[in-house]
Amino acid sequence: MTLSPLGDSALVIALGSGLDPSALPRGRALAAALAHDPIAGVVDVVPAFATVTVFYDIAHIGTYAQLCAELETRAQRADAALLSVATRTVEIPVCYGGDFGPDLAEVAARTALTVAEVVALHYGADYLVHAIGFAPGFAYLGGLPEKIHTPRRSTPRTSVPAGSVGIGGAQTGVYPRVTPGGWNLIGRTPLKLFDPANTPPALLGAADRVKFRAITAEEFAAWK
Amino acid sequence: MEIKIHRAGLLTTVQDLGRTGHRAAGVPLAGAMDPVALRIANLLVGNAENAAALELTLLGPELEFSAATLVAIAGGDFGALPLWQPVRVRAGGRIKFGAARTGCRACLAVAGGLEVAPVLGSRSTDLRATLGGWDGRALRDGDTLRAPDLVRESIGHWHIDERVLPAYSRAPTVRVVRGAQAGEFGDEIFASAFKVTPQSDRMGVRLAGPVLGRAGAGDLVSSTVVPGTVQVPPDGQPIVLMADAQTIGGYPKIAHVITVDLPLVAQLRPGDTLRFRPVMLAEAHELALARERALAILHEGLVQKFR
Numbered sequence: 002m003t004l005s006p007l008g009d010s011a012l013v014i015a016l017g018s019g020l021d022p023s024a025l026p027r028g029r030a031l032a033a034a035l036a037h038d039p040i041a042g043v044v045d046v047v048p049a050f051a052t053v054t055v056f057y058d059i060a061h062i063g064t065y066a067q068l069c070a071e072l073e074t075r076a077q078r079a080d081a082a083l084l085s086v087a088t089r090t091v092e093i094p095v096c097y098g099g100d101f102g103p104d105l106a107e108v109a110a111r112t113a114l115t116v117a118e119v120v121a122l123h124y125g126a127d128y129l130v131h132a133i134g135f136a137p138g139f140a141y142l143g144g145l146p147e148k149i150h151t152p153r154r155s156t157p158r159t160s161v162p163a164g165s166v167g168i169g170g171a172q173t174g175v176y177p178r179v180t181p182g183g184w185n186l187i188g189r190t191p192l193k194l195f196d197p198a199n200t201p202p203a204l205l206g207a208a209d210r211v212k213f214r215a216i217t218a219e220e221f222a223a224w225k
Numbered sequence: 002m003e004i005k006i007h008r009a010g011l012l013t014t015v016q017d018l019g020r021t022g023h024r025a026a027g028v029p030l031a032g033a034m035d036p037v038a039l040r041i042a043n044l045l046v047g048n049a050e051n052a053a054a055l056e057l058t059l060l061g062p063e064l065e066f067s068a069a070t071l072v073a074i075a076g077g078d079f080g081a082l083p084l085w086q087p088v089r090v091r092a093g094g095r096i097k098f099g100a101a102r103t104g105c106r107a108c109l110a111v112a113g114g115l116e117v118a119p120v121l122g123s124r125s126t127d128l129r130a131t132l133g134g135w136d137g138r139a140l141r142d143g144d145t146l147r148a149p150d151l152v153r154e155s156i157g158h159w160h161i162d163e164r165v166l167p168a169y170s171r172a173p174t175v176r177v178v179r180g181a182q183a184g185e186f187g188d189e190i191f192a193s194a195f196k197v198t199p200q201s202d203r204m205g206v207r208l209a210g211p212v213l214g215r216a217g218a219g220d221l222v223s224s225t226v227v228p229g230t231v232q233v234p235p236d237g238q239p240i241v242l243m244a245d246a247q248t249i250g251g252y253p254k255i256a257h258v259i260t261v262d263l264p265l266v267a268q269l270r271p272g273d274t275l276r277f278r279p280v281m282l283a284e285a286h287e288l289a290l291a292r293e294r295a296l297a298i299l300h301e302g303l304v305q306k307f308r
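Line order of the protein sequences matches chains W and A. According to the numbering used here, the first sequence holds residues 2 to 225 in order. According to the numbering used here, the second sequence holds residues 2 to 308 in order.
No wet-lab data here; the hints were simulated from the structure. Keep in mind that this is a model prediction, so the values were computed, not measured. Each hint should be verified, as a subset may be incorrect.
Below, in silico cross-link-like pairs of lysine to any residue (SDA-like), each with a Cα-Cα straight-line distance of 25 Å or less [unchecked claim]: (1) K148(W) x D220(A); (2) K193(W) x A118(A); (3) K193(W) x R129(A); (4) K148(W) x G219(A); (5) K193(W) x G137(A).
Using the sequences and the hints, build the whole thing.
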């Protein structure tokens, strides 16, 4: 575990390197522990990839060295309590193809698979949320099968509907809201990935596991 | 009372000190680009520092107030009102701001604060996420904002101690602490001035200057960023991330502008220049604490100045 400053108002606790998946539940446990028993002056805690970033208000933390020492103690304690932290799996229903997935045929052509094979590979895989970022509620998902890795579109769309499920290179993800985007769209979910009225506002959190499930257009339309 | 927006100006938004506590859900900070201007403007009309105010950008709005109130503008000079002092506005009074004469942005505080619904604990407008403030967007001609009906007046003649104000300049030297990839870039960033480009916005101030070459090759895993982070994309032209920056970025981080100097960056407009100077983290913290003490003294001094 290493602590390093991120400017003069945040610090990064590295619990592993790169995309080390074993660091994710440790980061989540530390973030949960800090939410449960806050440290004075800590204003935000962000588990992401193999790190936890802690934002602080320098006027309310005592000294920076004290904050670092306290965080190291907390991180070790959270590690020791890790076995009691349950993993969460979130199922995301997706209506693949048709108007919702205008690029599905293109992905099949580029990967030399049938449309049905692309869809089965996509919902058959287990995904891990490495971080939420880029936009509110957007999950960086790991676990897309290599067979359906597909380069981004050469011309991004100016407007991608909310809930669109896309593939961009080695990544897959769900657009939480209408944005421009360059990923290949293969389907759409009726779930809201981000809603400021909810607590927490994002459907997914770092370290969550995700499974996609294929639904029909009728099921999509009937979704409440 | 109502504040009618006759002309919205170039980019006029409702801002407070930002949306803290939801970065784990990917929610950016947003809030005033120049938080010191916002805090002082609010203190000057007897508000809490975090009250919602208008942020003006380069070309100000034309406003009409339905009732008498107290306002204060801080940051850049947009004409119409004197900077850094409370000004009484009569019922039916109009204020027509012009183009910025100094700086890029200003905060206009109104006694009682602007009344918009908080979203995730903040009244600030996040333009990119279309969240908060006035319907998640910049104000348009014809919008009508609300503020509390309250009669508040400042007593006597006084002016604030200008030593608390940021040292705004069109060519500032901005202090930075090291970023995670500073070692891959060398000291080129400290050798020259950089020019602010017109592509700058509330997400980031984009700079043009000598190409900053990176020794370390290869892609980085994305990681958290914060307002003030200086990123270097592959073209070698640094970007200072600002209030609306996303919470996670993928470019190497060469440095971070220290908290007390962020207002200097916020007030730069296209064509202005800046230089970077390295400081140690402990110095950045001391400067931030000194700024907080000065603002606390200002706050205490102003409390007795209103009735």
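Hints that the structure is at odds with (numbers, increasing): none
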